[in-house]
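Input sequences plus hints: build the corresponding full structure.
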Amino acid sequence: MEAIAIMEEDIDNEEEVLNREEDKKPRYSETEKYKVFDSEFMPHIDSMYNFAFRLTNDEDGAHDLVQDTYLKAFRFINSFQKGTNAKAWLFRILKNSFINDYRKKSKEPAKVDYQEVESIYNSADEPQYNGTVDLRTEMVHDLIGDEVAMALNGLPVDFRTVIILCDIEGFTYEEMAKILDIPIGTVRSRLHRARNLLKEKLRSYATSMGYKELR
Amino acid sequence: MGEEMKSDVKHNCENHERCMEMIQAVLDGSATKEEMDHFRNEMTSCLPCIEGHELQKSLKDALSVKLEKKCCPQSLVSKIKEHVGIASVVLAFALLEIKLIHHIF
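Chains F and Z supply the protein sequences, listed in that same order. Quick note, this note's numbering runs 15 ahead of the 1-based positions in the first sequence. Quick note, this note's numbering runs 8 ahead of the 1-based positions in the second sequence.
Treat the hints loosely; a few may be bogus.
Derived pair list, reagent style DSS-like, types lysine-lysine, alpha-carbon separation capped at 27 angstroms [what the hints assert, rightly or not]: (1) F/K50 to F/K119; (2) Z/K77 to Z/K89; (3) F/K102 to Z/K68; (4) Z/K74 to Z/K87; (5) Z/K41 to F/K216; (6) Z/K77 to Z/K87; (7) F/K102 to Z/K18; (8) F/K97 to F/K87; (9) Z/K18 to Z/K41; (10) Z/K89 to F/K97; (11) F/K119 to Z/K18; (12) Z/K87 to F/K48; (13) F/K102 to F/K119; (14) F/K102 to Z/K77; (15) Z/K78 to Z/K89; (16) Z/K89 to F/K102; (17) F/K216 to Z/K74; (18) Z/K78 to Z/K41; (19) F/K102 to F/K87; (20) Z/K18 to Z/K65; (21) F/K119 to F/K97; (22) Z/K89 to F/K48; (23) Z/K41 to Z/K68; (24) Z/K78 to F/K214; (25) Z/K65 to F/K87; (26) Z/K68 to Z/K18; (27) F/K48 to Z/K107; (28) F/K48 to F/K102; (29) F/K214 to Z/K18; (30) F/K102 to Z/K78; (31) Z/K89 to F/K214; (32) F/K87 to F/K48; (33) F/K87 to F/K50; (34) F/K87 to Z/K89.
Simulated from the structure, these hints should not be mistaken for laboratory data.
Dropping the structure here:
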C-alpha cells in the first residue's frame with residue numbers, strides 16, 4: 016500500500032509538515048535508521064542524480080541538490096514508512112528543494128504559480144493539431160542523444176519535470192501526482208502539453224537539419 | 009483489398025488532442041478501461057491516431073534509450089554516507105554521555 020509521507024502544506028512549510036509526520040510515525044532505533052537509509056534510500060541515488068542534473072543542467076547544482084536531499088531525508092527519516100515507495104518520497108523532497116532554491120535564486124518573494132505557468136501554454140491563440148503530424152517517426156529514430164537532450168533542456172522546468180518523471184523514471188500518474196502535489200488530471204494535461212512542446216522543438220530542429228516534411 | 013482497407017480507415021480525427029491524451033495514457037500504462045477500449049478501436053479505424061501513436065511511442069523510446077543517464081559520482085556517495093555516519097556517531101556519543109551522567113548522579 017502506498018504510504019508516501021503526505022505533505023499537504025505548501026513548500027514553505029515542508030519541514031514543519033515533516034516534523035509533524037515524524038510525531039505520528041513509529042520511530043526507528045539508530046541502527047534501524049542507518050539500515051533503512053542504506054537499503055531503501057541509497058539504491059535510488061543514480062536516478063536522483065540524473066533527475067537533479069536534468070533539472071539544474073549543471074553538475075555542481077545536481078551535486079548540491081542530491082546532497083541536500085539525502086541529508087534532509089535522513090533528518091526526517093521517521094516520516095518515512097519502511098517498505099513503502101522510497102523513490103517517490105525522495106523525488107518529492109528533491110523537487111521541493113529545487114523549487115525553493117530556484118525561487119531564492121530568482122529573488123521572487125511570491126511562490127511560483129504553476130497554474131499560471133500552465134495557463135500560458137493553454138492559450139487559445141496556440142495552433143491546434145489537425146491530425147497531421149509534422150514530426151515524423153523516422154526523424155525521431157534518426158535523432159541522437161544530444162539532440163533529444165537539447166530539446167528536453169529547452170522546455171520550461173515544470174514541463175521538463177513531468178517528462179523526466181514519466182518517460183525516464185517510469186513513475187505512474189498517481190505517483191507523479193503525489194510527487195508534484197497536483198491532481199492526476201493536471202499530470203495528464205501537463206504531460207500532454209509538455210510532449211506537444213517537445214515535438215515542436217524536435218520538429219524545428221529536424222527541419223533545420225534538412226529533413227523534408229512529408230504530408 | 010488495399011482500397012477496401014483505405015475506405016475503412018478515416019483520415020480525419022474529430023477530437024485529436026483528446027485522442028492523443030488517451031493514447032499517451034495507454035503508452036504510460038495509466039489508461040482507464042474505457043480508454044483502452046477506445047484506443048483499440050481507434051488503432052484500427054483512425055489514421056491520425058495510428059500515426060500519432062507511432063510517433064509518441066518512438067518519442068518515449070528515444071527519451072528512455074537515447075538520453076544519457078547521469079550516474080552519481082562515487083565521491084558524492086561517500087560524502088553523503090560520511091555525513092550520515094558522522095551524525096550517527098556524534099549522536100551515539102551524546103547518548104552515551106547522558107547515560108553516564110545519569111548513572112553517576
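Taking the hints in turn, this is what the structure says about them:
1. F/K50 to F/K119: 34 angstroms, violated
2. Z/K77 to Z/K89: Holds, at roughly 22 angstroms.
3. F/K102 to Z/K68: 21 angstroms, holds
4. Z/K74 to Z/K87: Given pair Z/K74, Z/K87 is violated - Cα atoms ~30 angstroms apart, limit 27 angstroms.
5. Z/K41 to F/K216: 32 angstroms, violated
6. Z/K77 to Z/K87: 21 angstroms, holds
7. F/K102 to Z/K18: Violated, because 43 angstroms separates the two Cα atoms, which is more than 27 angstroms.
8. F/K97 to F/K87: Holds, at roughly 17 angstroms.
9. Z/K18 to Z/K41: 23 angstroms, holds
10. Z/K89 to F/K97: 19 angstroms, holds
11. F/K119 to Z/K18: At roughly 52 angstroms apart (the allowed maximum being 27 angstroms), Z/K18 and F/K119 break the hint.
12. Z/K87 to F/K48: Given pair Z/K87, F/K48 holds - Cα atoms ~18 angstroms apart, limit 27 angstroms.
13. F/K102 to F/K119: Since the Cα atoms of F/K102 and F/K119 sit roughly 26 angstroms apart, the hinted pair holds (cutoff 27 angstroms).
14. F/K102 to Z/K77: 17 angstroms, holds
15. Z/K78 to Z/K89: 20 angstroms, holds
16. Z/K89 to F/K102: Distance of about 18 angstroms is within 27 angstroms: holds.
17. F/K216 to Z/K74: Cα-Cα ~17 angstroms, so holds.
18. Z/K78 to Z/K41: 36 angstroms, violated
19. F/K102 to F/K87: 14 angstroms, holds
20. Z/K18 to Z/K65: 21 angstroms, holds
21. F/K119 to F/K97: 33 angstroms, violated
22. Z/K89 to F/K48: Holds - the C-alpha atoms of F/K48 and Z/K89 are around 13 angstroms apart, at most 27 angstroms.
23. Z/K41 to Z/K68: 22 angstroms, holds
24. Z/K78 to F/K214: 23 angstroms, holds
25. Z/K65 to F/K87: Status violated; Cα separation ~37 angstroms.
26. Z/K68 to Z/K18: 25 angstroms, holds
27. F/K48 to Z/K107: 21 angstroms, holds
28. F/K48 to F/K102: With a Cα-Cα distance of about 17 angstroms, the restraint between F/K48 and F/K102 holds, given a limit of 27 angstroms.
29. F/K214 to Z/K18: Holds. F/K214 to Z/K18 sits at ~24 angstroms (cutoff 27 angstroms).
30. F/K102 to Z/K78: Measuring from Cα to Cα gives roughly 17 angstroms; hence the hint holds.
31. Z/K89 to F/K214: 41 angstroms, violated
32. F/K87 to F/K48: 13 angstroms, holds
33. F/K87 to F/K50: 16 angstroms, holds
34. F/K87 to Z/K89: Holds: F/K87 and Z/K89 sit about 13 angstroms apart, inside 27 angstroms.
Hint compliance for this structure: hints 1, 4, 5, 7, 11, 18, 21, 25, 31 are not met, and every other hint is.
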